[in-house]
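K.L.:
Residue numbers (this note's numbering), protein chains in the order written: chain A, 1 to 474; chain B, 1 to 242.
There may be inaccurate statements among the hints.
[Said to hold, decoys possible] Straight line, CA to CA, 30 Å or less: simulated DSBU-like cross-link-like pairs of lysine-lysine:
id : chain 1 : residue 1 : chain 2 : residue 2
1  : B       : K237      : A       : K394
2  : B       : K135      : B       : K213
3  : A       : K161      : A       : K44
4  : B       : K214      : A       : K162
5  : A       : K394      : A       : K240
6  : A       : K394      : B       : K135
7  : A       : K391      : B       : K238
8  : A       : K275      : B       : K135
It should be emphasised that the hints constitute simulated quantities derived from the structure, not laboratory data.
Quick caveat, the model's predicted, so the values are computed rather than measured.
Listed below, chain by chain, are the residues.
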Amino acid sequence: MSKRIIIDPVTRIEGHAKISVYLDDAGNVTDAEFHVVEFRGFEKFCEGRSYSEMPGITPRICGICPVSHLLASAKAGDAIMAVKIPPAADKLRRLMNLGQIVQSHALSFFHLSAPDFLLGWDSPAEKRNVFGLIASNTDLARAGIRLRQFGQEVIEVLGGKKIHPAWAVPGGVRSALSQEGAARIRAWLPEAHATTRVALDLFKGVLSTHEREAQLYGNFPSLYMGLVAPDGTWEHHGGKLRFTDSSGSIIADQIDPADYRTVIGECVQESSYLKSPYYLPLGKDDGVYRVGPLARLNLCARMGVPLADEELKVFRTHGHGSVTSSFLYHYARLVEILASLEYIERALDDPDLFSTDLRADAGINSLRGVGASEAPRGTLFHDYTVDRDGKLQKVNLIVATGQNNLAMNRTVAQIARHFLKGTEITEPMLNRIEHGIRCYDPCLSCSTHAAGRMALHLRLVAPGGDVVGEAVRD
Amino acid sequence: MSTAVDVKTLIIDGMDVSARQDQTVLDVARENNIFIPTLCHLEGVADIGACRLCLVEVKGTPKLLSACTTKVYEGMEVTTDSERLRKYRRMTLELLFAERNHVCAVCVANGHCELQTLAYGQGMDHVRYDYCFPKWGMDLTHPFMGMDHNRCILCTRCVRVCWYIEGAGTKNTSGRGGGSMIITDLNQPWGDSETCTSCGKCLMSCPTGALFKKGSTAGESDRDRSMLEFIVNAREKKQWTV
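The following block holds chain B by itself, in its conformation from the complex (with noise of 0.2 Å):
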């Protein structure tokens, strides 16, 4: 017995939009070409709403839900841009910049960078938080690619392509809160990982200059994120098989 594919319409922006059961709001918007900023969404792994850029005000539900781990239902009405969305976005965006040590001038992802162009997208011209300067180091052990944990925003894309694409497992989370950080296998150098396939999906994934290619210099860091999301499609939709 065959199962029809139950499809849901719902109303984004005023826009009358039809989608899967099975969709997020994330998904249904980019489909119909409407925006919602994320940082820690990547195509290909699974989606953990932690970044809390992609907040959309959905009515009926006094808070403001993560587009990316809401899934649709009939009749629901979704905004994804309000005075409240906007504010919400840039301070989350000032925080990010405030926690760690953020100077674009000098990254190797200058120009290439995620976060920074959502700032700029959200019209960041200034941070009113304290920044924190916190005292985070550099992992170069690795022979070819290097962590920079100023950088890091804490998106676990890394983590996620690490689990559920490259299948190795090397890169993990280790604290709490603002002292939360990536580490590799068990907080070991990154050189002296036994896990670490050297795959280079963790650099391709990284939206900021956190991970990057050693010997990198200012705006050197370009990447090609369309790799993951092919080697996804290629395994699920087994395009490999002969």
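One chain only, chain A, in its complex shape (with noise of 0.2 Å):
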């Protein structure tokens, strides 16, 4: 008789979601499926809404990643409106993005993954966690929550607040950098510096004694999509798509974001409210792909900084044409932060910055508009219809942790191949499960976010629905 186990909630991650991996009467994994439970309905209630407010509306999907949906909103308004905006306005956007990266993959790394390799995947729950950090390693601890300080930082100079800062519009932005933030942010790189070199020092030495983990977190092969500049640099807001294969082969490139739908298609699960994007001329099956940092650096030709490019080298050696192990998730994060340092230092010597001309004027002169950027967890689309006076008629948005949903199953099924053995649901298989979730930092929205015990609830049910085994921890 085949079984169902059910995994939830998942903790540690943002929001809210559970697992279910299937057995057959053998008691062998044949498939998983991480469900997220929540409903938020973005792309209906937005209907009506004139699209100039969807910088406003969309970054409250999150406070974790506002910038992202901030930016791509703000981006899919200048499409609709089809002006170019002014270039100091361009730069300005790219620098946010870039504290976004650090912010958000500091917090990744620091408070919600680094429990898990640090501590020790079986060290009690309720010490497995930022707080345990903490009380372990507290320095190291303290400048991990510094370094995200730092992108909230590059935030809050240029947007007015660290979250939610309504400041990317249609045409552009709203306020320049000032001399006083730019000071602010200069002053705050070596530090950040330090940390990113020790954090990467730090997880090689994991790598090391990880590689157990390296082979059964998602190894498999898979296709990989990102945005890259037109000669290959790795992207984070312009440039086009680029799809490339396990073996580092480019399948596609150069693809406009606007014509999106040529190259992914969506699809819907029953028992999940994410939809499952995939590559659409390989099919739901074959076309499988991930994004975010593991795909942004198998992707591109260089990083463009000098640093990063020397990481790059180092973190390509463990692969074979592609990375393809999501453990590796973490040290493509680490390498995305320190190119980000980089980047915002060169960045801050660009007079445009400080520039007054950041704003373009246009009424509706597109019925459509995408706005693609890289957010750090993977690209994101946001695709607006409006009418002839710019009301939303149609919106959807293609959020990473949706692109990552097929990629994640996989994972997931192949840590629980490995670890579960016969009906018996251990400590350690739960333990591992979850952080196989956790190397994507999938984001579901939600604003609550789990410290301390981990609550767990696992049931075993048979095929007509009953349950025929249940643990539950809180």
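Now that you have both chains on their own, put them together as the hints suggest.
P.N.:
Dropping the structure here:
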């Protein structure tokens, strides 16, 4: 009789979710599903609103990466107005996105994931969190928190506040960088660099002692998607789409994000509110692709800044063609933090950032606009259709976590296959499955963040719906 | 024969004050730096006593009276702040919030909204009534101004500035009770109006984010209402006559 194991809730991710592991009659794992059980409804309730309001509304999807939605939304607005925004506005938006990448990646690495691999997968759940890290490794935890604060500082210096700044608008941005703000960022950079270097060395040590995890945590061939510059350099806000496969070959390149529908299909799972995009030419089963730091580092020809380029070379020694283990997402995040710091440093020397020419003005010149930007977790698309008055008729948001959905399912199945013996539900197995999900740093857009003891509810459900086994941890 | 100004003396919150007989309690209170909350009152246009936030207690009268429409009289004793008044004002504010869809965080008027400011000021930290969540839409047909009925509190300031200052008579009201709404001409899309002069006075008068400049995003709608007062003063005092 086939059975299903449910892990509910999954914690230390941005939001709430549950996992089902499906077993066959012999107790072998056949499949796994990562369910998102919250419904947000932004695509629907934004219909009828003005497109110009969207940079104010859509960042409310999330408190961790509001800047990503802010920027993608403003870009979609630019496309509806059919304007070329002032160069200063583009540079300022890019600067804020770099701050966002630093703060979000630092949060993922230090606050959410490091407790697992630094304190030990099987250390007590009530201590395996950021507070446990503070107790056991105070200096590292403090430095990690400060690194996130640096990223938040960049956002605040530009947008006036750390979370939900309504700063980017269709046509540009509302304010420039101040000299005082630039000085604050510049003064903090050496410390941010030092923390990133410590984290990189630390994670390389983790890799040498966690070879099994690197082999098992989502290590499978898949496609990768992200934005790249015209010459293939790492991109985070402009550029065009590129797809590569696990051998590192480019299978599609320089696709205008506005034409994403030609390469991305979307399917829905009955048991989840999260959509599952896939590479359209290969179909749902073969078109699984990953986005985010791992994908971006696999895709790009170079990072475009010296220190990160050196680190990229080391990163790539962990794969053949592409780095295929999702455990390496953590490493990729650190390389991206390093690149972001270098790009921030470079940007601060640009006099354009202090310009007063910040906003283009126009009416409705296109009835559809697509904005794409690299959110910390992967490529984000905002696709708006408006009427002649700018009233939204249709909203389609393709978020990073959705694009990793199919890959997360495979990751969970892979880990479960190795750690699940029979139908016995063990703590080590649960901890590893949860970390497999955490590698992707999924953002389920919920305001609740678990801290402290991990709540877990497992059920074995027979095909008829009978609960044949249950484990509760609270 | 000259007519002497008829002066009345009254007491507001225990303070002896004097006023002209044509003045309202609100006028006199403001002259004497006594705060009375208002929403539908706007300097330069006639008061209608619609929002009920300026209710005051007048000795000898069991009813609460709106300060903006109550004329002073000799020996009047007015109380502008009491437990009873605070209770009613807060209730009125909560009902205004519950009646339509006020989402401050994403509103164009966030940080510059009179409704929001009053709610903070009156200590409204939650709404005790069920929200109605009505399905009001937006009118974005005008080339550069928009109206979001979700944020309208029906103060009719826009109607009054349109009629009494601009003289266009474009903005009007229709319907009854909670179903009332601000309309343009005979309930046509704003962009189709033949009477609207696109002067923008309605935008300047709006206490919330219901009327806004198109393209505005959250917190961007900061209005200069003193311009309306300036226009009225200039007209009434013949400052523009050469």
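K.L.:
Which of the numbered hints are not met once you compare them with the structure shown?
P.N.:
Hints 1, 7 not satisfied by this model.
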